[in-house]
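S.K.: For chain A, the structure is supplied; the task is to place chain B on it using the hints.
From first to last, the protein sequence lines are chains A and B.
Mapping the first sequence onto our numbering, position 221 (from 1) lands on 221, and the numbers just tick up by one.
In short: position in the second sequence from 1, add 1000, done, that's our numbering.
If you want the ones that stay clear, here's a sample from chain A, every Cβ over 10 Å from chain B, calculated:
no.	residue
1	A12
2	F94
3	E230
4	R261
5	N291
Where chain B lies over chain A, by a calculated footprint (3+ residues, C-beta under 8 Å):
no.	stretch
6	26-33
7	46-59
8	64-71
9	164-176
10	192-206
Rather than coming from a laboratory, the hints here were simulated on the basis of the structure.
Glycine residues also receive a C-beta, built at the ideal position from the N, C-alpha and C atoms.
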Amino acid sequence: MSREAQTELPEARYSYGGDEFVFVELAEGMSLKVNFRAMAITNRLREENLEGVMDICPSNASYMVRVDPDVLHPDDLISRLKEIDEEAGDIAGFELPTRVVDVPVMMEDPWTHEALMRFRDRHQDPDATDLEYSARINGYDNKDDFIAALLGSPWLVTMIGFVPGLPWCYQLVPPEEQVEVPKYVRPRTFTPERAFGFGGGFAVIYSVQGAGGYQLYGLAPAPVLDVKQELKDFEDSIVFPKPGDIFNYRGIDREEFDEIRARVEDKTFEYRTRPFTFHPDRSLEDPHGYNKEILGVLYGD
Amino acid sequence: MAIKVNKPGLLTTVQDTGRFGEYDIGMPPSGAMDVFSYQVGNYLVGNEDGAAGLEITYFGPELEFTEDAVIAITGAELPPKINGEEAPTWETLAVEAGDVLTFDYLKNGARSYLAVAGGVDVPEFLHSRSTYTLIGLGGHEGRALQEGDELKVGEAGDRSDRVGMAVADEQVPKFGKEAEIRVIIGLASYRLTEESLRTFLDTEWTVTPDANRVGYRYRGGELEFVEREQPAGAGSDPANVVDLGYPVGSIQVPGGVEPIVLLNDAVTGGGYATIGTVISVDRDRLAQTKTNDKTRFRSVDLAEALKAREERRQQMAEIKQALS
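Extracted from the complex, chain A is given alone in its bound form (with noise of 0.2 Å):
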């Protein structure tokens, strides 16, 4: 099964990113697959604390280093990864040693509502909300079965990135059931702090205020960013995502959002989170049983 899951991939694309970074495009497709490949690789890579490495910087189905060319002659760098590659980028018996965190969602909240409904001229359906174009062209009979295939099963972290803290989340079932929408066709100028969206086949967390082309669809109450690190899941670095987490978007109403809001703003709110140690290739084998199996992790006390 994991051999398979190597040979099934095509040859990565090295190349340049000018004179300071080395880009690496695994695949073009995204699948979970080629995502664990990346964070195994950059894993490794990290481990390795090359001098002249500054930056890595796992995406979704590529990967990219921000290199001191002075210290670490790019062509080194790319030698090294393709041997990294060989003995870390297949999958087979890959551990993951990551955390599943419980996020509070209020989907259809009257905010990102509001921000969706001012920029319908930029929309592929001005007729109907975010939410209910992205069910149809999805096959949905309708928006809430919609919203329950979102927040069924769990999502894997597999890049941060765009502005500070922002979470690209890939959920973790096989690839018939997941869902694919078009971006905006402009992008809005306002999207609010915390914005729920969904754009090609990744969900994200808006973690500041600002311009944004993805799908909205409804609002987190707990930030993502926390720049003056108040709130203690922010102890040690101003941005809570990290790649590999697995979140489970849940849906909640207007109260706990508001309970929760509350909790933020006198700082005191957590995530509930639980240790977990994540086996790629038990996911790719039976992904529903085993996202089971990560709630009750997460749930279970």
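M.R.: Only chain B this time, still in chain A's reference frame:
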């Protein structure tokens, strides 16, 4: 010692070399856009490399010094005046308590740098004093300077012996209205047709009004993507790819008509196909172009980029040596 901001100018920000090691959380480096001009300013006033200064964009501020200070102005041809008297650039200057620094209209280039002995002393945020303009972090309260701001300056001791030191004429960069910017083609350049890649390199592009610390947009040509069935996760637009990391200086072409070069305060990743990257040395030159200036992109290989980098390093070492 402090600098009082009587008028802020168009966009004046506190910058140093930048914020590194945080790209993986989505934090771009920020920092001086024209590193050469910024660093030479520090050499002139005898600062340590990396001391914070001011980046002045297009239209200069009016600044008042509360005590005697040693300063230098480098970068664009934005003629400085001290108490209304024209003052030289690329030279160490003395100002006295109460002196007012203003600027005449921009002649060439886009960004000037003010270095002050002791460095601008704003709190560090993630080991840098640079202002990140896109979401408002770092620098002075996370924003461009405003009227009435007061900036503390670090302790410098007596540096009056440096006054009058100047960068040799042949070392001073000249900024015309046409720039050639070297790029390494790569990343997701396979998304462009071969003809469009040639068009990109053959076109004389014009800098649009949308040109700032986040990125520069250009007009002048039309580029086409190779037709394909979009892969899983990418979204339906042909300019879209599965969201990936954007190197600083990387070039993308949403819609095919407006190439964007992402710069120091840019987003760190996203779903547009990137086609190449400006080499690090030429980010300085790019930062000195302005709206309506012309730009050509020339394809180079890594060896040429590294050679340019090495030459730049030697040049800066020479300048530093001459000023020490």
